[in-house]
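Student: Each chain, letter by letter, is given below.
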Amino acid sequence: MGNIYAKENVEIAWCPGCGNFGIRNTVLKALEELSIPRENLVFVSGIGQSAKAPQYYNTSYFNGLHGRALPAAAAIKGANPQLKVIVESGDGDMYGEGGNHFIHAIRRNSDITVIVHNNMVYGLTKGQASPTSRPGFTTPVQVDGVFENPLNPAALAIALDASFVARASAGEQEKTKEIIKSAVNHKGFALVDIFSACVSFNKVNTHKWFKENTYIMEEGYDPKNRAEAFKKSLEEGPWPLGILYINENKPVFEEKLAPYLNKDNTPLYLRKREISAVKDILDTKK
Amino acid sequence: MGNIYAKENVEIAWCPGCGNFGIRNTVLKALEELSIPRENLVFVSGIGQSAKAPQYYNTSYFNGLHGRALPAAAAIKGANPQLKVIVESGDGDMYGEGGNHFIHAIRRNSDITVIVHNNMVYGLTKGQASPTSRPGFTTPVQVDGVFENPLNPAALAIALDASFVARASAGEQEKTKEIIKSAVNHKGFALVDIFSACVSFNKVNTHKWFKENTYIMEEGYDPKNRAEAFKKSLEEGPWPLGILYINENKPVFEEKLAPYLNKDNTPLYLRKREISAVKDILDTKK
Amino acid sequence: MKKTAVESNAKKDVSIVLSGEAGQGIQSIETILIKIIKQSGYNIFATKEYMSRVRGGVNATMLRVAHDRAAAPVDRTDIFIPLEKEALARYAYRLDKNTIIAGDAGLLQDARVNDIAFGKIAEALGNPLFSSMVAAGAACGIIGIGKETADRLIKNLFGRKGEETVNGNIKAFAAGYEEGARTALKNDFKVRIEKNIKIQDELMLSGADAVAIGAIAGGCNAAFAYPMTPGTSVFTALAEHSHKAGIAVEQAEDEIAAINMALGAWYAGARAMVSTSGGGFDLMTEGVSLAGMTETPVVIHLAQRPGPATGYPTRTEQGDLNLALHAGHGDFARVILAPGNTLQAFELAQKAFDTADKYQAPVFIMTDQYFVDTYYNIPEFDIKENSKQNYIVETDAAYKRYALAKGGISPRGVPGFGTGNVCFDSDEHDEDGKITEDLSGIGLKMKEKRAKKFALLKESAIKPALYGDKKYKTLFICWGSVLNTALEALKISGLKGAAVLHFTQVYPLHKTAADIIKKAKKAVIIENNQTAQFAGLIKKETGIGIKNKILRYDGLAFSADGLAKEMAKIAAKAKKKGGR
Amino acid sequence: MKKTAVESNAKKDVSIVLSGEAGQGIQSIETILIKIIKQSGYNIFATKEYMSRVRGGVNATMLRVAHDRAAAPVDRTDIFIPLEKEALARYAYRLDKNTIIAGDAGLLQDARVNDIAFGKIAEALGNPLFSSMVAAGAACGIIGIGKETADRLIKNLFGRKGEETVNGNIKAFAAGYEEGARTALKNDFKVRIEKNIKIQDELMLSGADAVAIGAIAGGCNAAFAYPMTPGTSVFTALAEHSHKAGIAVEQAEDEIAAINMALGAWYAGARAMVSTSGGGFDLMTEGVSLAGMTETPVVIHLAQRPGPATGYPTRTEQGDLNLALHAGHGDFARVILAPGNTLQAFELAQKAFDTADKYQAPVFIMTDQYFVDTYYNIPEFDIKENSKQNYIVETDAAYKRYALAKGGISPRGVPGFGTGNVCFDSDEHDEDGKITEDLSGIGLKMKEKRAKKFALLKESAIKPALYGDKKYKTLFICWGSVLNTALEALKISGLKGAAVLHFTQVYPLHKTAADIIKKAKKAVIIENNQTAQFAGLIKKETGIGIKNKILRYDGLAFSADGLAKEMAKIAAKAKKKGGR
Ligand SMILES: Cc1ncc(C[n+]2csc(CCOP(=O)(O)OP(=O)(O)O)c2C)c(N)n1
Ligand SMILES: Cc1ncc(C[n+]2csc(CCOP(=O)(O)OP(=O)(O)O)c2C)c(N)n1
Ligand code: SF4
Ligand code: SF4
Ligand SMILES: [Mg+2]
Ligand SMILES: [Mg+2]
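Residue numbers (our numbering), protein chains in the order written: chain R, 1 to 286; chain U, 1 to 286; chain B, 1 to 580; chain Y, 1 to 580.
The hints are simulated quantities; they were obtained by calculation from the structure and are not laboratory data. Please read all numbers here as calculations on a predicted model, not as lab measurements. For every residue, glycine included, the Cβ atom is placed at its ideal position computed from N, Cα and C. Do not rely on the hints blindly, as some may be mistaken.
Unchecked claim - Distance windows between CB atoms, simulated: (1) 136(U) <-> 403(B): 23 to 33 Å; (2) 471(Y) <-> 494(B): 49 to 59 Å; (3) 38(R) <-> 452(B): 29 to 39 Å; (4) 406(B) <-> 2(R): 33 to 43 Å; (5) 136(R) <-> 219(U): 33 to 43 Å; (6) 25(U) <-> 106(B): 28 to 38 Å.
Said to hold, decoys possible - Which residues of chain U face chain Y? A few of them, derived with a C-beta cut under 7 Å, are: (7) 59; (8) 78; (9) 80; (10) 173; (11) 223; (12) 267; (13) 277.
Bound-form chain R, shown alone (with noise of 0.2 Å):
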């Protein structure tokens, strides 16, 4: 029998070799692993080629808008708990039109995953650079090449104290899928920068390039530093792959909501709407 998380009979509109197949795989693999009940699932996503995953599994999700997925995941989050919220989408996505949001998602903590899809490229539309290409990377916008400093996703999330970093490479479906569970797993906000390759609009990163450009963390390594995992997300060649960084010690968004301050986490529509509450408070405006 196949995967229970993956939709059946759908036509995935991404090109043949692409490493977002690798990670929808992975992804696959890591719910299974994890069994998660299937209806309390939420995927939610931007725009983007990395950002139509979702279209592609077997759950509830909310494909929104470029840039828009993590406040909305946030929402959703806040007003049902007990929903088990992931949010996958591209480098794009979430690094340029949606860095505002990832900055304060990181701050806010929600129990949330972030799984990204770092192909160093705009894929959608056709292949401008992202704020992760590399500098000399040229595109028909960036005719000169890209100059400016690539974002590196692990070290801003680790200066914003995320309480779950780790990067990953679509190629390591292995590694990658232990991760995908640590994180989901993880109370939090958890970031999984994930490289894939667009073997349409990136002919430099590609799957092999990222295979000589990373290698996997060793056992030893300690996440709970700050300054270390900040030192470690800075190293370039090559990329450790792994949890980089965990902070277990911060307050989670959804449980600061008055509706939950009380431990009870009811969604909000299964509260009744009591008429006597506003009564009450117009009382105080006498």
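Please arrange chains U, B and Y with the ligands on chain R, whose structure you already have, making use of the hints.
Tutor: Relative to chain R, chains U, B and Y with the ligands alone:
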């Protein structure tokens, strides 16, 4: 005689005792000592109490939208690299509404100076939490107190490999002036985050509190090591003041724009439009 | 007018203007006065206009104490209490020879001033902080109100601060009152307003309170906003009540986040609202379009202030109607409500959630700075519960979020409630919420399904309300916050054969709107903006061009007496021109 | 129709549709075909429709080779070249018994197919990559065009890839041509289009090229955008020419940054433009409002695609007019231009910069996916230089950015040019650009000064163009990209007493618009959207309601023959109903 950069006969709309006054004085002194040609100076700001600062200088200014100073500043510098461009705005403006521009302006690395009045509160809108508000800070919106980790602007900037990162305090005028001068002289994006007391809406982080919770860094500190600078930027009890990080090896935005690639930095408005160029381009379309 | 003067020279309607710097104490004088006046059994109305700064500048609060409920600003100032010299200059246009100006003559340096030196009196009583109470006492003394209730109220207000404070304040009030009474006598200023003890138990709701509490009554259990005047006050009120009403409140990093949070929350079953002003709303427009495409309910409180851009952050205007009408790319339906008084604000805010949920469409509540900051007593009212808690269905395996349901509204499930997948899609999609490019097939059907909402929402539109002569020849048309002022102005003007047509729903227009307008010999639009945006909408929707316009766009709300003059003028012009 | 058939059964106008998966080679067949056809001296038109994916799906390119310039899509398909089976299904509606379907019969499994196995022929010649050339050859062979020019062109195209490639491609073309010619013969498919050697030297401009190069002619020297289909192509073209034309090009982090960059650049003296589509433009609306308040010029290219939300990212629609008209809170003036053909696109883009600079207002160029992606040969044209390089003044110490100049336009200085301060202010401000709260004083004057632009821009509006019978009884009204299609449709329809009224400036409307429309017995709006947004604007501006509507909103552009039928139908209805 007065400071030529100060606007005369202008009523300053800040509350008596506001930290903004100290910052304004410091900026004016720094400008005087730098003796930048007044006509070539442009202040850029968003909206907020701090963002009113340019209104009180005797210079050109671009007082734009809340959160949107940085893109305007980059383009002003890009349209005329001969201008000195200084951004001055608040913590909400820069790290809240403007967070995405902050990230990407650091990557873009225009040769501009960015002075942030960090009073850990939204002053103009009467006292809501800002991204730098400390945990536990209660306001009419944050009725149960802020629970999020405050954003550490210096750490964030270092994670993005900003070319110049400093922290200052409105109360330390002499030190702050020196920092501002270095920042203005630095070629590339220079962040100066300045602690400042909002006497009306922040009853926690007062002048006294800033005095007690900061110290001026010792002379010997080497700001060129990114990992060390990051560590330093995380120190919070007390906070170090001074230049935390410098990376001089970054390409500068405007120098990478097509009109200036040949090192001619004539402003765009002084360049004649050549219809022959249009004809040449049309000829390629036959 | 003459008649009244003959009957009695005692006023039945007094206006008091307090003016001074921000932070100088107007706010506390206002608070005390309102409490005392209302608790003494008199109708009270308060509205303010203030500068965009925290300290300094010149602000003003106008209070009205009236026998009949008066709920609109007037230019006429019976009592003016300036706390600083600049106030006299800024509000010179409000003063006439009948105005009693009371204050510190030494400070104000103006011959018209009746000297009541609040500060010095307070100091004499041992604490300069009592000066607000002296001023409140003086105001009460001039109108001869509140003496009997003051002591008790002051005890209630300051009880926890200790006896000394209480006694000091009681003395301060009494001292002020005495000076006030003396001033009234000297000026032959007489007031006769009957006491109505029931007023004590009435509600004092600002526009912001009414919207926020109405929203709670409508089931609002999530609120997202980025601070922006004058939208913030509704958000703050929701935060204030968040524990009592179980509301998930989050200050977003920007307005884009706020609207996307609201959509996420509705998707997951909450009833969410955002509150903002024009500039912040601009940033929400893509989210509004997303609501349209995904048929997700959402309630947007849009509190207007003068634009463009930052404009006047703390002033008032009705300048964002065109924006609200057309925000968001592409074609999709929406509803725009605009309360005219606080009761309507409560009821419309409540209704907004039901309408949004039922029709799966964005619903706007449009107010403005004047409206949210203004408050007055209104009788307690019944709260009509919506018949349904929500319109959410339990899903099964066959569930399709965008099923081509008859009538055009696909049943809305939420994730986790039932076994079905609830697939929300921003792209054009099929019934399942899957991306489609079946242009002439399901794609077209979806477009047509969504378009049905235009008709559905039109059918359920709220009828505009007609006030005044049902056989009107002159019809004054207005929307939103202008209602009370227009009604009082009509009364003041004494115009015959005239009526006010007020829209609480400005879009879609109720189907009778055109006929009601056509019945008038002359239609006049009254709007608090520069280009008569609502008149533009009426023309677009009905073809009726309204040439007569009374527009105010200096950042202030209309005053009833000022508007009355304009009404009379435009009515007179009509007679000359068109004849009758 | 009959008459033509009698005269000759040789076609003077051939349509060819290539269809296949994205990435399968349509693009290269198209490129080769266009080169060969044009260089052989024939008019050529190409338009594409494609799915929002990089590989797979089913896309199509339509080419037309015609004696008279044909510059609109038609449903009629003379030659259909499917590269995969799905293409036959998706475009079934385009095929009739006269359509020659040519392709790999083995692959396509359809009895109607004339077997030309491009792939196999290419393989036989030693390289499967030649298959595009075989297909191009086949298309040429069917219409009997290009044999004489092919060899030379192939040498030009592939010369640098070496002799082997050149020779292989030459052979591939020849092989394809031969098969094509055979197919034509077999089907008695005859074409007679006269060669016009001057066409070789004509320009091939896509809508995107025309806007970009026109902008350059208008002095555009800064461009900011965030990628978004179909706006990206104009941005890409500007980047392509950035060295030659000295353009500062920056990909912004988001659309908000892009518009604020553009305003910063104009402030500092550049002539900047942004290019985006509906969803991205939503995010720019606050910036548009800022342009209005600060009287800063800016040029916005808004390339429409079907909304709401993500909609169909790669399809076409004219659904963002309402948005462009009203984007940005508050009242301020703007100009909206909408070219109908590539020459107009060039000229309007050029003009846009001058208008923006002169009136210090935002100027929109509205196109759509169909328009930017479509291209055809046009004769070389004269470039009319704007009389001024710019409208910037040198400042002195007394300079005031917002001086209350007569006529309403304050002279615009830029920082660094002269000794004055150039103070740009988003708040309501005084002449110096300083924040003000002088509501009834300078504040009101500023509002009134800015409002003068409504009239100024109205006066300088471009007149709509009338095509067809000047004594029209039926008037077909359209705007923007619909022009060519409407003109050809009118011709096809053969309707008498009919004309097309096309607006290249949709706002403000030219003052003659109402009269021109009123002269018609029957007015019909043609729009590529669901709710007839332009008709709504006409009603709002003129009071004229246009009830007859031809609307297409399935994501595709009108076809000339399809539209002709609709025109005829609606004209016929007119006769029945209204009588004549
Ligand atoms: C507001 C807005 N701006 C721009 C776009 C166009 N757009 C769609 S996807 C995309 C970027 C895709 O890049 P990325 O997020 O890296 O995803 P990928 O396709 O590479 O997986 C852009 C710019 C949009 N849909 N909405
Ligand atoms: C788009 C938009 N959203 C919100 C606002 C309202 N607003 C004005 S200033 C401000 C925050 C001010 O805080 P900060 O930037 O820290 O400046 P401060 O007043 O503390 O100096 C806000 C939210 C606005 N003007 N525009
Ligand atoms: S364009 Fe790139 S990212 Fe998109 S599907 Fe193809 S290979 Fe993957
Ligand atoms: S409110 Fe705070 S930040 Fe604003 S002027 Fe007053 S003290 Fe300064
Ligand atoms: Mg990508
Ligand atoms: Mg602040």
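Student: In ascending order, which of the hints set out earlier in this document are inconsistent with the structure?
Tutor: Numbers 1, 10, 11, in rising order.
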